[in-house]
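Residue-level listing of the chains:
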Amino acid sequence: MYRKRQARLSVPCHNFAACAARMAPMSDDKPRALCCVPCEISRQQFLRAALALAASPLLRFLPAQAAEGLEVSEVAPGVFVHQGRYELQSPENRGDMANASFVVGTDSVAVIDTLGSAVAGRELRAAIRAVTDKPIRYVINTHMHPDHVFGNAAFKEDNPTFVGHYKLARGLGSRAERYLAINKTMLGDAAFDGIEVILPTLAVENSTTLDLGGRSLVLETQRTAHTDNDLTITDTATDTLFLSDLLFSVHVPTLDGSIKGWLALLDDLAQKKAARVVPGHGPHAMELTQALAPEHRYLASIAADVRQLIKDGKTLEDAIKTAGFSERDAWKLFDHYHVRNVTAAFAELEWE
Amino acid sequence: MLSNSKRTVAMPLPLNSLGYAASAAGLAALLLLAPAARAEEDVWPTLKTQAFGDRAIQAEDGMVVLDAPLTAEDAALVPLTVRVPPQVAQKLKSLTIFIDKNPDPKVATLHFGPAAGKGGERSFSTRVRIDSFSHVRAVLETEDGVLHMASKFVQAAGGCGAMNAKDPDTENEGLGKLLVKTFPPALDANPIWSAQVMLKHPNSNGMQRDIDTGGYIPARFVKQMVVKRDGELVFDMESTFSISTNPNFRFTFGRGSDNSLDVAITDTDGTKFDAKSVPSGS
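For the record, the sequence lines run as chains S and Y.
FYI, this note's numbering numbers position 60 of the first sequence as 60, with every residue one higher than the one before it.
Take any residue in the second sequence, count from 1 to its spot, add 1000: that is its number in this note's numbering.
Mixed in with the good hints there might be a few duds.
[Unchecked claim] In silico SDA-like links for lysine to any residue, alpha-carbon gap of 25 Å or less:
#	chain 1	residue 1	chain 2	residue 2
1	S	LYS184	Y	PRO1103
2	Y	LYS1200	S	GLU350
3	Y	LYS1200	S	ASP189
4	Y	LYS1181	S	THR315
5	Y	LYS1177	S	ILE310
6	S	LYS184	Y	GLN1155
7	Y	LYS1181	S	GLU317
8	S	LYS314	Y	THR1071
9	Y	LYS1177	S	TRP351
Quick caveat, the hints were computed from the structure, so don't treat them as lab data.
In this text, all values refer to a predicted model and were calculated from it rather than measured experimentally.
Generate the whole structure from the sequences, applying the supplied hints.
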């Protein structure tokens, strides 16, 4: 349907004997993914397996082969997601700390976020090329943060249209020097090498539809929430909704926009229908009905505590020691981002 | 506490003197992690001489205490509190706050008046931008003319060039809104009241990028705040651009008859913002 070429996919295999028995011919020029014990299967075998799994109410996560060892999973036909690590950027992770996705149509490929360095972006590109030779026509950045845009340079050779919220250019452009300096320090010279700030060549106001052949992506700008330039994407063929950093799971949310706007937006998103959602940080894919609750609880907890503290005449210093700390054990990287979130929430809510 | 507080809202003069369009305000991001050489350089001896000549300063003698975070999560919004412990009986003459490594290290100087009060813990809090890892200092001059200093090293960077607003389109909404709240002490016997002043103002320091012009957003910040209680001076503050966006001050004042505050703020454009708290006890 979306791919004529016979692709090789790998799935986790927990039974070595069965795995060896089923092993399809392997191509020697492609190193195997390191993240799991893969079994090479043919596309047809994969489809049969997928059919068998289709009856399952659970989402399927099928890690696919990646040339540079970058793990990607096909969460729906033609929809591939790489799961970033729950870490701060470092020389070791090369800025691979956010989810990045790609969607394959009959004519072309769209990339959704490019990881946090040109090095990681090239690994993502290699993972795409391990799956399809179709031209990469669109590189979509869901918002301005470096872990989602600093891999853009890896796709320059494809001469794609870079797509983003119409406020992305201002947000990223005005922060670029600081982002570059911070990432140079944190990534180190090797992983920082090649990073460029590439702003959108197609700015989305309200909504835009991109045709990949056989499927379309619907891009919608959102109100100020995680940032002031959040973009959501729906793959119409599989009803997959990419929420990017409007949805954090496991990784503590980071607030760089408006806590009131974000909470209001979550109420709107809960009304949507989607077969699955892809978070910006978290698992490859989640069920919409369950995905939003923890993040809503976290933000609502901060908002409630901060409002009470303000009402009681308490200060920002009081707030950063107490507000939202009931959430501490529920999130990774809490200690790195929570105080900043409370600070931002306090500065916003004290003007209510 | 707040149920007892008083507030008034004052709207400012016309804002057509704004050096930038509200919709265009790209704000931004520029100075970052300081070069190591600069971080090592001790600028304090020079600053000290400029501010106080050859006067002696008693460091960390307990007369003044500085609360500042060891690491600041948001370098553009670092809370600082200067406290004068209750056992300090003297009246206060002045307080100067420094951030050694900021482009203009002097954050603010307060000259206290008769309504500053004594007989309990006195304090002054605000939020500042910190440009690179730096010592932050509070130098208090007591009535006897002696200088006392408390300092902290704060690990924060990039605060001066950092964005003012998460959403520049809304940054100037309500600019000039000025809130004055007063808080009576928990115990009636305590002669020290506290107050909060909040001003909606970008306090632009001239170091924020304007993405639309490729240049910088012109500096425009609060340069003076005069606080009076029942017509008597609490303090007269001169300040610089190290004060964060939407300047926010917490401070104490001595109990008076009405405990009504008048706050008059002037920014570098000459725009004046005034607000008065409602008389208390009514």
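Verification of the supplied hints:
1. A hinted pair counts as satisfied when its Cα atoms are at most 25 Å apart, and S/LYS184 with Y/PRO1103 qualifies at roughly 23 Å.
2. Using a Cα cut-off of 25 Å, the hinted pair Y/LYS1200 and S/GLU350 holds, with the two alpha carbons roughly 11 Å apart.
3. With a C-alpha separation of about 41 Å, the suggested pair Y/LYS1200 and S/ASP189 falls outside the 25 Å cut-off, and the hint is violated.
4. This hinted pair checks out: Y/LYS1181 and S/THR315 have alpha carbons roughly 13 Å apart, not beyond 25 Å.
5. Between the alpha carbons of Y/LYS1177 and S/ILE310 the distance comes to roughly 18 Å, so the proposed pair stays at or under 25 Å and holds.
6. Distance restraint check for S/LYS184 and Y/GLN1155: the Cα-Cα separation of roughly 18 Å lies within the 25 Å cut-off, and the hinted pair is therefore satisfied.
7. The hinted pair formed by Y/LYS1181 and S/GLU317 meets the criterion: a straight-line CA distance of about 18 Å does not exceed 25 Å.
8. Taking the CA atoms of S/LYS314 and Y/THR1071, the gap is near 21 Å; set against the 25 Å cutoff, the hint holds.
9. Restraint check for Y/LYS1177 and S/TRP351: the C-alpha separation of about 10 Å stays at or below 25 Å, so the hint holds.
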